[in-house]
Amino acid sequence: MLTLLRTLRRLRADVALPAPSRGRSLAVRHVDAGSCNGCEHELTLAMSPYEDIQRYGFGIVASPRHADVLLVTGTVTTRMRGPLLAAYNAMPVPRRVVALGDCALARGVLASASEIVGPVESVLPVDVRVPGCPPSPAAIAQALIDVYET
Amino acid sequence: MTYRDRVVAMLDEGCRFGGLYASGAIVRTVLVAPGGALRLESVAAEDDRVPSLVDVAPAAGWDEREAADLYGVRFDGHEPLRPLVEHDLDLDSWTVPVRGDDAYQVAVGPIHAGVIESGHFRFHVVGDKILHVDARLFYKHRGLERAAEGRSLAEGRAYVQRACAACAVSNSVAYAHACEEVLGLQPSAELARVRTLLLELERAWSHLNDIAAVCAGAGLAAGNTFFAALTERARRLNDRLTGHRFLFDSVQVGGSSLSLDSAAVAAAREELASIAADSKSGWRELLFNSSFQDRLPDIGVVSAGDARTLGAVGPAARASGIGDDARSHADRLAYGLFAPVAPRRVTGDVQARLEQRAVELLQTFDLLDDLFDRPIDPSEARAGSEGARVGLGLVESPRGGTLCAVEHANGRVARVHLRTGSYANWPVVARAAVGNLLPDFPLINKSFELCYACADR
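Chains A and B are the protein sequences, given in the same order. Taking this note's numbering, the leading residue of the first sequence gets 3, the next gets one more, and so forth. Taking this note's numbering, the leading residue of the second sequence gets 23, the next gets one more, and so forth.
Watch out, some of these pointers could steer you wrong.
Just some of the chain A residues that point at chain B, by a computed CB distance under 10 angstroms [unchecked claim]:
#1 Met3
#2 Thr5
#3 Leu28
#4 His32
#5 Cys38
#6 Leu47
#7 Ser50
#8 Glu53
#9 Ala89
#10 Cys105
#11 Leu107
#12 Arg109
#13 Ser114
#14 Cys135
#15 Pro139
#16 Gln144
Computed from the model, here is a short list of chain A residues facing chain B with C-beta under 10 angstroms [unchecked claim]:
#17 Thr79
#18 Pro85
#19 Ala88
#20 Val125
What follows is a list of derived Cβ distance ranges for each label pair [to be verified]:
#21 Asp316/B x Gly59/A: 30 to 38 angstroms
#22 Gln56/A x Ala405/B: 28 to 36 angstroms
#23 Gly122/B x Ala18/A: 22 to 30 angstroms
#24 Asp69/B x Ser114/A: 20 to 28 angstroms
#25 Ala18/A x Ala286/B: 21 to 29 angstroms
#26 Glu123/A x Gly122/B: 25 to 33 angstroms
#27 Pro319/B x Gly120/A: 46 to 54 angstroms
#28 Gly46/B x Gly59/A: 54 to 62 angstroms
#29 Ala18/A x Asp271/B: 30 to 38 angstroms
#30 Arg14/A x Gly276/B: 42 to 50 angstroms
#31 Leu359/B x Glu123/A: 30 to 38 angstroms
#32 Arg14/A x Glu171/B: 26 to 34 angstroms
#33 Asp114/B x Asn91/A: 24 to 32 angstroms
#34 Gly265/B x Gln56/A: 25 to 33 angstroms
Hints in this document: simulated from the structure, not taken from any laboratory. Note that the Cβ used here is the ideal one computed from N, Cα and C, for glycine as well.
Take these sequences, add in the hints, and give me the full structure.
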């Protein structure tokens, strides 16, 4: 355990991430509306020591009830439209929606038209758009920081 | 002999069920012989009906349910034929009835509490004890197989690749092999080497990710963060080598355009050696962390018999003592004299599945070190055999054997079917959960770490 912690401390020093400009926080709820799993894997690594989005005050929360931000990945499938709307409607106001990745933005989507509803903005009002297939952990971190300004 | 009799005879000879799909009015079944050869048996539906195989090959359960939902085939003898992809029917139609004193249901998903793909689990429990699980996936069904139809064989690759980022290389190589069989092409030695290399790069980041995931499932934040950092390094290396962190577009039908000079290859070798050394030291820390180790044994046990019956594949199957690994007989790849490795205890529990990843990871780093021994040049597949009506490819993905079948008409995709390691293993996850406590399900699930995307397609 000590070796793990020592290695992680050294890694954090090597990566030398800048300190956040000021203390803020946002609670984020992720919903996969029909992704290829790439955005999820990159979002997971946005929490690794190399990006460490927690340092900007972002936390992934278990319920939309606790969330300020709805982070949506994937093109919206017919089967996920209902659950996506339910999650959004469960959120307190004010709330923000981030469409993460090219599929969520209807760029280069591969699918049968009958199985999908469309991009996230065909279902919800989108505040921040993050292109990329998938967006890198650094791009995800920057997009979340941008939410502070919306 | 009838279609069913032929399949039964092959199963008796030791073949395992490899997949089943509908193609127009024909149902095709793929069997994998003990030596790795793929055998195809087809039957034409009469009045949309064909004989079911679930009684002789229970692993065909999901395949038949999918063919029924998406292609309208009815399977005589598969009763009740519960919906799988079809979500519009009521609860009783797709769940197994579980009744008894204090038995009730816990519905989880499709949206989960963490950063997890969408899928629904219906737990039948008494208190915290799980009696049965009905997994309802396909929330992410995008109709990728149908969308690929009519595309050129080269274009079709994008659809199987996009089925799942985590298995992009495995899916693409299985597809490329299937297409090359259709076209009568055989990969050159250099093409076999570059594809093997890409497959092992995918396995490296994936197994690192899976070890991190089990640490997260057991609540060991330091272990999770440590292995997440190594996963990040592996993905950055992918990006430097191929221009994409998930190795997208690095596999093509009929050839490879990847070119790496000796400096790039040496740098990759050095970084991989460094990641391997760090992962070994991190793994040793996990072994000596008693509170972590205490969470792993006897949880989510899959017996060898259940693994075989349900058609488990990949690390999950090997952790239960089913040694099958498609790398052992991959004549179109560069694995040489490959022999699967096994953990200290082949107990089919969370501990065995985790250790299986750890020992395979070491083997993968060794393979990569060998494969990166010289620069990589563009390469191609050459004419070597007669074309085939149906092309098949079977590749060992990080989650197990992934089968791709391709049928073409005038050089265009007439039908493509992808049956990934995750697809094969989802029914095994449901079985592994039975008898365990509901709060242990996330840990059990993490020990398989299956993709939803490449099951749903």
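(message) Going through the numbered hints above, which ones does this structure break? Give me the numbers in ascending order.
(response) 3, 11, 12, 16, 20, 22, 23, 26, 31 and 32
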